[in-house]
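K.L.:
As a plain string of letters, each chain reads:
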Amino acid sequence: MSVQREARPDEANTPTVEAEKAPLLSVNSIEVIYDHVILVLKGVSLTVGEGGIVALLGGNGAGKTTTLKAISNLLKAERGEVTKGTIVFDGEQVQDLTPNDLVRRGVIQVMEGRHCFEHLSVEENLLTGAFTRSDGAAEIRADLERVYAYFPRLKDRRDAQAGYTSGGEQQMTAIGRALMSRPRMMLLDEPSMGLAPQLVEEIFDIVRQLNDKEGVSILLAEQNTNMALKFANFGYILENGRVVLDGEASALRDNDDVKEFYLGIGGGERRSFREFKSYRRRKRWLS
Amino acid sequence: MFYREAGQFKTSYAADQAIFPILQDRLFVIAVLAVAYLVIPFISTPYFLVTIMIPSLIFCIAALGLNVLTGYAGQLSLGTGGFMAVGAYATFKMTTMFPELNIVIVFLLSGVFAAAVGVLFGLPSLRIKGFYLAVATLAAQFFLIWLFNRVGWFSNYDPSGTISMPPRDVFGIRVVGSGAAPEVRYLMVLTLVVVFCLLVKNLVRSRMGRTWMAVRDMDIAAEIIGIRLMWAKLSAFAISSYLCGVAGGLYFAVYLRTVETIAFDVVLSFVVLFMIIVGGLGSVLGSILGAFFITAIPVILTRAPHDLGIPISVDMAQHLEVIIFGSLIIFFLIVEPHGLARLWQIAKEKLRRWPFPY
Amino acid sequence: MQVLFDFLIGPFFQIFEAPIFFVEVVIGGMAAGIMYALVAIGFAVIFKASGIVNFAQGAMVLFAGLTLVGFLQMGAPLWLALIATVVVMVALAYAVERVVLGPLVNQPLIVLFMATIGLSFVIEGFGELAWGSDVHRLDVGLPRGSFFVGDIMIDRFHLVAAGSAGALVVAIVLFMQYTKFGRALRAVADDHQAALSVGIPLRMIWVITWSIAGVIALVAGVMWGTQAGIQFSLVLIAFKALPVLILGGFNSITGAIVAGLIIGVGETVFEVYWGQMMGGATENWFAYVVAMIFLFFRPQGLFGERIIERV
Amino acid sequence: PQKAAAEEDAIFLPLTVYRTGAYAPNGIPFANGSRDFLQMLMARDGGINGVPLEFPECETRYDTAMGVECYERYKDGGAKGAAVFAPLSTGITYAIMELAPDDGIPIHSMGYGRAAASYGKVFDWTFTFPTTYWAQATAFIRYIAQEEGGKEALEGKKIGLIYHNSAYGREPIPTLERLSEDLGFEFVSYAVDHPGQEQSATWLSIRRDRPDWLMMWGWGVMNQVAISEAARTGFPMDRFLGVWWSGSEPDVRPAGPDAAGYKAGNFHSIGTEFGVLQDILEYVYDGDEDAARENNWGEVLYNRGLVNYIYLTEAIRTAMEEYGNVTLGGEEMRWGMENLNITAERIAEIGAEGLFEPIQITCEDHEGRGPVIIQQWDGENWERMTDWIDPMHDVVWPMYEESALAYAEEHGLEVRDCD
Amino acid sequence: MRAPATEAANATETGKTVLSAENISLTFGGLKALRDVSFDVKKGEIRAIIGPNGAGKTSMLNCINGFYHPQEGTITFKGVARRRARPDRIARQGIARTFQNVALFKGMSTLDNIMTGRLTKMHTNFLLQAIYWGPNQREEIAHREVCERIIDFLEIEHIRNTPVGRLPYGLQKRVELARALAMEPDLLLLDEPMAGMNLEEKQDMCRFILDTNHQLGTTIVLIEHDMGVVMDLSDRVAVLDYGNLIADGRPDDVQSDQRVIDAYLGVSHQ
Ligand SMILES: Nc1ncnc2c1ncn2[C@@H]1O[C@H](COP(=O)(O)OP(=O)(O)OP(=O)(O)O)[C@@H](O)[C@H]1O
Ligand SMILES: Nc1ncnc2c1ncn2[C@@H]1O[C@H](COP(=O)(O)OP(=O)(O)OP(=O)(O)O)[C@@H](O)[C@H]1O
Ligand SMILES: [Mg+2]
Ligand SMILES: [Mg+2]
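Chains as they are written, first to last, in our numbering: chain A, 316 to 602; chain B, -16 to 341; chain C, 47 to 357; chain D, 1185 to 1603; chain E, 3 to 272.
In case anyone wonders, no lab produced these hints; they're calculated from the structure. Glycine is no exception: its CB is placed at the ideal position from the N, C-alpha and C atoms. Mixed in with the good hints there might be a few duds.
What the hints assert, rightly or not - Which chain E residues face chain A? A few, computed with CB under 10 Å, are given here:
id, residue
1, Gly31
2, Ala35
3, Asn55
4, Gly56
5, Thr60
6, Gln102
7, Ala132
8, Arg168
9, Tyr171
10, Gln174
11, Glu194
Taking the hints into account, I'd like the entire structure generated from these sequences.
P.N.:
So this is what it looks like as structure tokens:
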């Protein structure tokens, strides 16, 4: 699987190229408020080009999940709303569409924390992903096999009730379920969370393959900065509901601040976790 | 800006843990109490006292009870009517068996019987959860009503099984039964409500309350941090039914003065449940707001056409009332699923930030 | 001693002495049970698809019945009245979704439950407002009267009830288990947000579910209405369906019918042989107490899905 | 509409009705009868002896708490407060009985409520005329005895009672138990819980016990289901007797022809031929009989509502003889009720000849010992089938007294001296 | 906070076994979640459990704190063997844990959540609680002080009164740790405490774990998928795969074990 990595040259997209061809998704300074009072996003803008992999990085509570939910229109269910700004997908404003419309247009989100349908079997979970499709049972069957090929473990557990599968299995189910909708764009919210290292790699590989072979664009919210920057070609860093830094993945990787705070290799080599004797003194771009 | 905590620093944990740590809240509560004690009894008509204030206050206690169980301990119950019936019949039996016993003590004691019954019917909660439990508690509701209907002893063998409250005095003042002034009844119930609110508020911010809330929010995790689920759930049932029992006693003795079992049928359970949901689950304030809201709205709606001079027939009015009442409930649930208490909180939040939107 | 004997042994003597009568009691119980099941299925469908205990099911039974009678009284032929009623029930489902469920997506279930109680008020009030509070006689030509098999009296009407309940159950189970919509329905019940995220249109699913429940309500309304006229009290049969529902497992359609039979037979036998000794009218609590005791051993009911407890 | 002119000095007669809820089918005709009669009085006579009447309706839904609210709302209405309350539900009667004496408002529970309230020495504010459940029970037994061929024939017979499991339904039980001891018949009872839609178990029990006669104290849907079940299980309909609240059109209509033969008690007569009903047709409906029928004109419960207010308006007239033609309050009304004496001539004058029997109320006797009839459903109409039957007053009066005195004891009431 | 790391490390070497699980087998229906697993935890050490997803790590913790009852095998804690005991009893014996999927009490504030950790240590009866003032208040304040120290320690002062449901994931995990610490356990079970955190936060978390271990002498069992963390923090590592214990030993040894690489780490890991 790791062979795949070389297949993708690092020079894929430069910012200028991004800007030139109309981006698939662009989020233009959106503001999000929860519960009518809690202002969470304070003007976030980002773009994802056709076929791009864009990473959304940032600490806890920075607003990554909120951003993704704003795009896929899942905020309403949490009493949140986009009060300012626009979201454009494929040349069309999408803030007022239902999630169903968005899935039909090819935007699907893999939610943070798995959210499998507990009482459905793994296979049924996957099949629900194909809800919006109408291209016939055979196609769906084939896609199911494709997902099983990506995640053999799921094939073993296909008849298990999803509620009783392990965390990793649930994560795979959730991603597989999203794949079943044949998306053009996937919003992945922390796909690596709670996965074994081997699996993390696998999942990122799969993500890249999807991107590569099937042209799925990807917006990826991740804590695992290391991994994310390795696979993405562009990145945004969120802090406190604002984008504080963006740039090409390679550029970000070389940024000193990013190194220090997100990669843990500030000032040279990776340090042991044991060595952080005193609590970190935070340096922030903003705030 | 009007409502600020800024500048009110706490220098001790004791001060931080006071019931109303914020000055404005304290003043507000004092004002409300002053109005309730010093203004309302003197300016309101007996009608207002008897049909709105007294039942609302009595329902405050019942709602408080159910809120302990459902709002704090997370055990959905539809047996409230049954537990209230236990309180009512206990009040009746005790006061007829021991006519000399101070009636307030009778009220307080009758809750104890309800608590015992509550614990018994709470036993299934050790295994059953959520709606299953809710439906199972209906067993209490139906069984108890049947029992009181059935066994003549409970109604002193009244041929129709109806119980009615004999007059009783406290310190020479007639507080219940024929001849009791609405003001006196009101003040007695008000005092009980204030006392119970205080006690329950204290309970829920102490160990007991945290135990309940932990069980409510995630019983598995609660067990794993060392909470004895059985004890936690049964204590919630006990205290909840105690309050419901007292409320039932008052409902019978102070409000209706005579009841047959149907007064405690399942509709009553739903009414109380409405109160805590519309008022706010897990909130003492919510219980109070909910009780007043749900008691007053139908009365207001029933009267509205008459008072406004709209000539519609009573049945039309009643149908409209039912529709409006139902819609109001849905409306409030949509506006704020966490109830009036949360609306109140949000309002305070807004005041705090005023004039800034966020 | 005598009391104990009367209570523990006596009834069995009675059963033994008059076995035919006992069979009739059992049949009577089953008939009652089927009638409960008809209402319980409506609850189960909505629960299965949204995790909501739809308290308004009773009101929907009344509303469906009233609407049907209303159309019949306006002179419509039966088939037209039935179709028109179904249309009204679908419209109701749509309205419910628009006004109540849509805005309450992702709220705690108890809030939704309460909303359905509010809804039941609205439907009740509206039904009575539109069609009046009188008792309406409903006769859609279901067979009445009884015949004898040996010495046992069997009511034709009950056979019809059993048949329609059975047909409903089979149809719904097939739909739930084997169609895309059925699967989506169950997914929605598990996790609203996740369902939204994979593009299941919650609103449409709910309209479908509530329409199905509306049709079931119509069937139940016809059955109950034929028995006792269409009138307000139909709202209250919800309380007869609830114990059936928990005994069978909230989300099990098959459970509803099996539990209906168990409870119907149980309460009838108990009332006839024991209840009279205790002063009668035991049916109301008997079902609940049985369900409660049973749940103690199997908290998810007979056929309910296992309650998943993990950390 | 007519009241506007003289609202100031109108006699205030709030009507507690239930036109909605589970019991509405029975509540509506009663309410219409009461309303139409009073409207007719206003239209025809402008009130009573020139004093107008004001009679707002208040919906109780047959619910005690709502009934109490109605009472509280209307007790001080009008110029001098409510003259009288007819709560129209046993539960509400019980509740208001505790309140009304404090407010000086008499209560009239006509054929419902607490039977023992007939004992005027204790219950000076409550009136039960013309008869009570207890009396009805004895009248039924007397009727059955008649049919069976004498009291002696009751020995060894089995008589059942199927009843609404509430204060109302349980009222006749002590009486029937007493009679079963006295007369030697076996008494069996079957409780049906509110609302009573499912009675298959009950009827299986009845099928097993095979009582010779069955009485019913039912209300609302319970009546309809019981009558259908009786027909279905083949119970001989002409041996099935309902109390007067189980004997109206809505009760038998759903069962339709199957219910033919079913009997019920009544304390007034049925039909539309009475002068007062014709007056209503003329003054309220302008002779439009269809409109009148639409409003239940002439139905059993309609007539009952009407009779109720004939009694009360007669009591008003009686009081006016004492106090003059003025607006009456509760105090005066109570006097009028306690001195009520409706003679046969007066009944004829009202245009109600044969509708009900003469009655006289005294300080001690608030019931008036009225007689009852038995009526029968022929599948389409109710037909009166017996003459007036007197209840066994020698049995019930001691029971009233005993029960009333016990109540007085418990509530520390004084027993009036009526002599 | 000054206890030298080396000392503590030495202590673990010599520490005696506080918990031992012998031949644990756990099945769900047909699925064998744990097969004959034995392992022990020594006093004062940080013991890691790793393994691929679904290997049975969480199940192991569940067995240890009594939420699952293994079909076979015994668990001995502080010398007392047990077979079936309710989780609350075990908590009272001194085992606390955090959960893989945050299991906080969502309706309560951070402070209240942490206070729930003290519940087993509070004793006033309900009447005193209802009256509040007096003994109950004194007790509340005493425990509040303990909790405030933990809040300080974990640097979550600013969210003291926030309902935990609104907190971002990482902070929730920290509150969970705080709640477990408030129980003052002898053995602390941490189930993926760092999942969903960024590096900075992981560093903090590591610091907290180490300090807990050193300062309070708490024995820790840790499940974690971040190999860096596991290798750096733990004294010994057990590796599970499909319910089998496939390796157990010092981090370096485990890391180079071919079976572990195949089953878990994957070829690409350094
Ligand atoms: N439903 C909600 N109501 C109120 N506030 C919320 C809600 N959901 C999130 N927030 C707040 O919004 C902020 C951003 O949260 P969000 O979940 O988007 O962060 P995140 O970057 O995804 O963090 P993490 O890495 O922990 O997932 C947080 O401070 C959180 O407290
Ligand atoms: N209560 C249960 N019922 C049925 N199966 C279960 C249950 N709990 C766990 N399992 C199964 O046991 C296996 C081990 O699960 P466990 O949660 O212990 O894995 P894990 O090692 O913690 O994995 P992860 O790293 O993904 O969290 C999984 O296949 C899971 O599906
Ligand atoms: Mg997030
Ligand atoms: Mg795990």
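K.L.:
Now, for every hint given, state plainly whether the structure supports it.
P.N.:
Status of each hint after checking the structure:
| no. | hint | in the structure |
| --- | --- | --- |
| 1 | Gly31 | holds (9 Å) |
| 2 | Ala35 | holds (9 Å) |
| 3 | Asn55 | holds (2 Å) |
| 4 | Gly56 | holds (3 Å) |
| 5 | Thr60 | holds (7 Å) |
| 6 | Gln102 | holds (6 Å) |
| 7 | Ala132 | violated (33 Å) |
| 8 | Arg168 | holds (8 Å) |
| 9 | Tyr171 | holds (6 Å) |
| 10 | Gln174 | holds (9 Å) |
| 11 | Glu194 | holds (6 Å) |
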